[in-house]
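Engineer: Chains as they are written, first to last, in our numbering: chain U, 1 to 249; chain D, 1001 to 1276.
No lab work stands behind these hints: they were computed from the structure.
Treat the hints loosely; a few may be bogus.
Footprint (simulated), chain D over chain U, 3 or more residues, beta carbon under 8 angstroms [stated by the list, open to error]: (1) 13–21; (2) 101–110.
Result set (DMTMM-like, lysine to aspartate or glutamate): computed pairs, CA atoms no more than 25 angstroms apart in a straight line [what the hints assert, rightly or not]: (3) 1016(D) - 249(U); (4) 26(U) - 1083(D); (5) 1109(D) - 1089(D); (6) 25(U) - 1123(D); (7) 1109(D) - 1180(D); (8) 1016(D) - 1083(D); (9) 24(U) - 1216(D); (10) 24(U) - 1127(D); (11) 1004(D) - 1024(D); (12) 1026(D) - 1257(D); (13) 1004(D) - 245(U); (14) 246(U) - 168(U); (15) 26(U) - 1094(D); (16) 246(U) - 1064(D); (17) 25(U) - 1036(D).
Backbone N, C-alpha and C fix where the C-beta goes; we use that ideal spot for every residue, glycine too.
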Amino acid sequence: MTDILLNRFWGTYAVFYREILLYKKKVMRLGFVFYSISTPILYLMAFGLGLGSRISIPDYGAFLVQGIACMSSMTNSFNMVSISVSMGRLQSGAFQTVMTSPVSAASVMRGLVLSGIIRSMVSVISIMLAGALIFHTLPFDMMALMALVLNAAFFSCAGVMFGLVINDMEHHAVLTNFIIMPMSFFSGTFYPLNFLPDWLRGIVYLMPLSHTTTIVRHGSEALLSWILLIILTLVCFYAGSKMLEKYGE
Amino acid sequence: MMLKVDNLSKSFGRLKAVDDISFDIKKGEIFGLLGENGAGKTTTIKMLATLLRPDNGSIALNGEDVWRNRYLARQNMAIVSQEMNLEYELTVYEALHTYCLLRNKRNAKKEIENMLERLNIADKRNERTGALSGGQKRRVMTARALLSGAGMIFMDEPTIGLDPMIRREMWDIINSIKAEGRSILLTTHYTDEAEYLCGRVAIMEKGRIIHMNTPDSLINQAGTYALDINGTGQAKTMLFSDSLLLNDYLSVHNFEEYRVRRTKLEDVLISYGKSA
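The following block holds chain U by itself, in its conformation from the complex (with noise of 0.2 angstroms):
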């Protein structure tokens, strides 16, 4: 029983090792510290310097703060992990040295997804300092840091899924933009969701993406959404451990 659970917990370790390695040789790379950081400072810049004083929000700043925060949560663990995932079968190939490896689905499954859970929340500590230099708050208790993880969690294991699926890195370009990016826009990131016409919050409400910022602006208050995502993280680590374990060539 020992040796299984050290073994688990090693076929985790190797994954999760291998996928930070990845990530630190790329991420001095000038267009990888732009797209993760760089965007959504600008994004909190523009926003926040630029319509916070006319947006009828008591500090918006903060509220500004935590959605964007939530929004970079989602896009670095999701592209990170699904491209990682993708260039790995599509074009270097080496995604295979890992699918040949003795370690178990779920180990594979929980090494890619604590390696999106440290890549995204990387992003996320640089946009609270931002934050915290720009406006001068640092909104997050121990709740919305909890939730961003579980968001990234989340998010993570929806990327080894697509990551496993698409054919192309086109297909990667053009999902994205339809599933990522309305979400980053609706999910209640720049303005309260109380602001959509109620039929469009009906859809929005359906994007884990709003349940996030409700947690973190909201904490415990957020019981449903607490609830929501953690299944939705849980039946999706179910999935995505299933589609590695029935993984082809």
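Using the hints provided, position chain D relative to the given structure of chain U.
Structural biologist: Positioned in the frame of chain U, the structure of chain D alone reads:
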């Protein structure tokens, strides 16, 4: 018996990529799979390496069905792919180290250093794998397979695209793997490679194994004398099982330009291809 394959089949839609093939590989044997493009070699290797689930048939490694416990089977098998499937951002050492971790080898530093020396890439230790030449990349991929400690290694065209000198060096490496008692399944388009390295070869055609034997036996079956005929508008090669038949044929036909030589495995492959 290291690997036993029984009645293996795989279809993609209406195409039968692998059609009811059976063979076995003994411990310390290099077994070659030959055949033209699309014959089913890579599909076979992918099924053996648990990357593709067969439609029918069984694969047993050391007596254990590989699809019953894939993760256990993978501990004792490694694949050197046709594609250069390295993480190009990582250095050679990092690529090998991460591979060792995936193989549950936690303290492999010394083993990796020894492997780099053995495969003559120690000076490339800290270079990005993406910056290596084709031959060096192949060595890193082979180093990974060796570091796995697996007894069964699948090599899918391991010398494709390499220059003749580097190819010869890869042959020495492959022979040294055999000398360690490990088994190798090798697919190749180079018949001289199969002739030099393989104890037995199977010739695949449209997903089926049409012949399987030692290279010498296949040559003997097809005819040990090869007659190359030129000057008839089209060059062709004919195979003869003995010199009397060959001489009779030459005395009847008055060829202006011809050459008699020992049959090579390539001639056998071409003759089977024509008769199929």
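Engineer: Indicate, hint by hint, whether the structure satisfies it.
Structural biologist: Hint check:
no. : hint              : result
1   : 13–21             : holds (count 6)
2   : 101–110           : holds (count 4)
3   : 1016(D) - 249(U)  : holds, 16 angstroms
4   : 26(U) - 1083(D)   : holds, 23 angstroms
5   : 1109(D) - 1089(D) : holds, 20 angstroms
6   : 25(U) - 1123(D)   : holds, 21 angstroms
7   : 1109(D) - 1180(D) : holds, 21 angstroms
8   : 1016(D) - 1083(D) : holds, 23 angstroms
9   : 24(U) - 1216(D)   : violated, 53 angstroms
10  : 24(U) - 1127(D)   : holds, 16 angstroms
11  : 1004(D) - 1024(D) : holds, 4 angstroms
12  : 1026(D) - 1257(D) : violated, 45 angstroms
13  : 1004(D) - 245(U)  : holds, 24 angstroms
14  : 246(U) - 168(U)   : holds, 20 angstroms
15  : 26(U) - 1094(D)   : holds, 15 angstroms
16  : 246(U) - 1064(D)  : holds, 20 angstroms
17  : 25(U) - 1036(D)   : violated, 40 angstroms
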